[in-house]
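*Asks:* Now for the letters of each chain:
Protein chains: 2
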Amino acid sequence: MNLEKIGEFGLIKRIRNWIKTSNPDVIRGIGDDVAIVEMGRKVMMITTDILIEGIHFNMSWIDPYRLGKKSLAVNLSDIAAMGGIPKYFLISIGIPKRLPISFISLFYRSLRREARRFKIDLIGGDTSLSQKIVINICLIGEGDKEDIIFRDGAKPGDDLYVSGTVGDSALGLRILQTKNLKYRPKKLINKQLSPIPRIQLGQSLARNHLASAMIDISDGLLIDTKHILEESQVGARIWETYLPLSRQYRKWSTFYDDNLYDMALRGGEDYELLFSAPRNLRDRISSLSLSLKIPITRIGEILPKKEGFRIIRKDGREYLPNALGYNHFK
Amino acid sequence: MNLEKIGEFGLIKRIRNWIKTSNPDVIRGIGDDVAIVEMGRKVMMITTDILIEGIHFNMSWIDPYRLGKKSLAVNLSDIAAMGGIPKYFLISIGIPKRLPISFISLFYRSLRREARRFKIDLIGGDTSLSQKIVINICLIGEGDKEDIIFRDGAKPGDDLYVSGTVGDSALGLRILQTKNLKYRPKKLINKQLSPIPRIQLGQSLARNHLASAMIDISDGLLIDTKHILEESQVGARIWETYLPLSRQYRKWSTFYDDNLYDMALRGGEDYELLFSAPRNLRDRISSLSLSLKIPITRIGEILPKKEGFRIIRKDGREYLPNALGYNHFK
Numbered sequence: 002m003n004l005e006k007i008g009e010f011g012l013i014k015r016i017r018n019w020i021k022t023s024n025p026d027v028i029r030g031i032g033d034d035v036a037i038v039e040m041g042r043k044v045m046m047i048t049t050d051i052l053i054e055g056i057h058f059n060m061s062w063i064d065p066y067r068l069g070k071k072s073l074a075v076n077l078s079d080i081a082a083m084g085g086i087p088k089y090f091l092i093s094i095g096i097p098k099r100l101p102i103s104f105i106s107l108f109y110r111s112l113r114r115e116a117r118r119f120k121i122d123l124i125g126g127d128t129s130l131s132q133k134i135v136i137n138i139c140l141i142g143e144g145d146k147e148d149i150i151f152r153d154g155a156k157p158g159d160d161l162y163v164s165g166t167v168g169d170s171a172l173g174l175r176i177l178q179t180k181n182l183k184y185r186p187k188k189l190i191n192k193q194l195s196p197i198p199r200i201q202l203g204q205s206l207a208r209n210h211l212a213s214a215m216i217d218i219s220d221g222l223l224i225d226t227k228h229i230l231e232e233s234q235v236g237a238r239i240w241e242t243y244l245p246l247s248r249q250y251r252k253w254s255t256f257y258d259d260n261l262y263d264m265a266l267r268g269g270e271d272y273e274l275l276f277s278a279p280r281n282l283r284d285r286i287s288s289l290s291l292s293l294k295i296p297i298t299r300i301g302e303i304l305p306k307k308e309g310f311r312i313i314r315k316d317g318r319e320y321l322p323n324a325l326g327y328n329h330f331k
Numbered sequence: 002m003n004l005e006k007i008g009e010f011g012l013i014k015r016i017r018n019w020i021k022t023s024n025p026d027v028i029r030g031i032g033d034d035v036a037i038v039e040m041g042r043k044v045m046m047i048t049t050d051i052l053i054e055g056i057h058f059n060m061s062w063i064d065p066y067r068l069g070k071k072s073l074a075v076n077l078s079d080i081a082a083m084g085g086i087p088k089y090f091l092i093s094i095g096i097p098k099r100l101p102i103s104f105i106s107l108f109y110r111s112l113r114r115e116a117r118r119f120k121i122d123l124i125g126g127d128t129s130l131s132q133k134i135v136i137n138i139c140l141i142g143e144g145d146k147e148d149i150i151f152r153d154g155a156k157p158g159d160d161l162y163v164s165g166t167v168g169d170s171a172l173g174l175r176i177l178q179t180k181n182l183k184y185r186p187k188k189l190i191n192k193q194l195s196p197i198p199r200i201q202l203g204q205s206l207a208r209n210h211l212a213s214a215m216i217d218i219s220d221g222l223l224i225d226t227k228h229i230l231e232e233s234q235v236g237a238r239i240w241e242t243y244l245p246l247s248r249q250y251r252k253w254s255t256f257y258d259d260n261l262y263d264m265a266l267r268g269g270e271d272y273e274l275l276f277s278a279p280r281n282l283r284d285r286i287s288s289l290s291l292s293l294k295i296p297i298t299r300i301g302e303i304l305p306k307k308e309g310f311r312i313i314r315k316d317g318r319e320y321l322p323n324a325l326g327y328n329h330f331k
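Same order as they appear, the protein sequences are chains A and B. Mapping to this note's numbering: the first sequence position 89 is 90, numbers consecutive. Mapping to this note's numbering: the second sequence position 115 is 116, numbers consecutive.
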């Protein structure tokens, strides 16, 4: 048996079983995006992401500046999804022999700029030769124990929200992969190459206890919703027509897909926050959206587990999503 | 300009300049093996190491069990060198599509066993497709602020010590690289494939304030001594004949090298501890060696900076080491 057969989530499930911890200081361990351990009154949050040339990025699309920015963004987004405050990061980098120093210099310059922007410090790392560029970032954040937002707190009756717009990143990737295009819409490309982690939104939701469960959309809206549903032992209903789609998405997606909502539901890497919240908080969530100037859209509701996971089409008919998203190992 | 030209240490120096931190909580940042940040009364130590197939290991020599063990050992050794207590680790792994699950399962089984042995917990990680196997571990430890042993505390007049024996790992690698050998000495091979981090020794030296500066030998005795000398602004003298060499080393090194001491001085990956200590602690260090049953050998002394770094040969003549060790980027 190999990876193609069991897929990424199959592997993670196995790893969870291979290695179990009984340490009471470990609040969340393997299987979550972020590990959480007690450190006195505070908790420490740690997340790590690996990016490999040819798998996660393609040198012909991305420049070193955007590569640095994105490497950090995907980790920041994990901390955002817990409502944490990012503090420190370490970076390991595998570098091909002939890569010009100017590339590495620009890469680090981008890290420095992002580090300042998010008030975090690069504190260590490792360097190695490698055939392909490999980047691994380990990001450490902190939070108050009572404020952390997990994936397992969604209750039937809660609303389901998403920040920003969805599908842009996946569409941006499709456009990057299309050869000989004369014009490429900047907004969609940027969403793929330079996603902006929702750090401030995550912290505001956490501090004000506004979300019952939260995740960042890295694998795709459906698959990440499914993570919340499984962890919370609930079902959900999402209205396709409620999905926040950008103007560019509406225009360009028609060239790639008959179904307007397909990439929005199944495409990954939007790094938007997906969260559930009790109905009585609708006004407070609207105010937060206004004050942070970040769109927050109600797209569905949490149901009892037995109701399952349904998508409501434009014509009112429901369907159960089958193929949820992208399997990284296929 | 590319990496071949500036080498690994040239790159690290540049990175240090590209990214500087002014955060007062960061006690040690980039450039050290271990990053140290204040966390209340305690300090948190974080280290990360990347291992890449074809660069750090070769699939024909190593089995998944030893690979897991070594991946963790190189990080544990970094924490040992600061006198810290390892606590948690995260692992990112890049996996070729066709790698059998049994390989990954054995790899994690080995991690689990080592985690129990060193009382640490695997708390998270990331998985990805990759052409070659890539392993990145991020290890988090803790310590008391007053106990940490840095590289910069060596004083003229201090003794210089090393634990265990040196050169075995480099010789083991040479033997692994030799084709068609009928017999391969197990001890030397094991030192290369399954080094044992000196966690207990590091902690004992730290808790009892017995070492003025310390490092683990990963790049080679000369180069790692040089790190201590540069950070401490001192010189040193090492007697070749004092170097602790194993019986197997003495026997097998003659097949590879005319100079008995060459691999002991220049070979890397012994993961022994190299430390300086005031002369008046000689008896206490001997007792510690006896009680922990770990050989500790006095190999030299720290000199004022102007005396430089000298090696004393068997015939009493001194020389200044030029080529210190191995440049990973060449």
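To be clear, the hints were calculated from the coordinates, so they are not data collected in a lab. Hints may be right or wrong, so weigh each one.
Just so you know, same-sequence chains aren't split out, so a pair can sit in one copy or run between any two.
Okay, derived cross-link-like pairs now, BS3-like style, lysine-lysine, Cα gap no bigger than 30 Å in a straight line [as the list claims (entries may be wrong)]:
#, residue 1, residue 2
1, K306, K252
2, K156, K120
3, K120, K14
4, K21, K98
*Asks:* Next step is simple, just say for each hint if it's right about the structure.
*Replies:* Taking the hints in turn, this is what the structure says about them:
1. K306 with K252: neither (36 Å within a copy, 69 Å between copies)
2. K156 with K120: neither (34 Å within a copy, 37 Å between copies)
3. K120 with K14: between (34 Å within a copy, 23 Å between copies)
4. K21 with K98: between (39 Å within a copy, 25 Å between copies)
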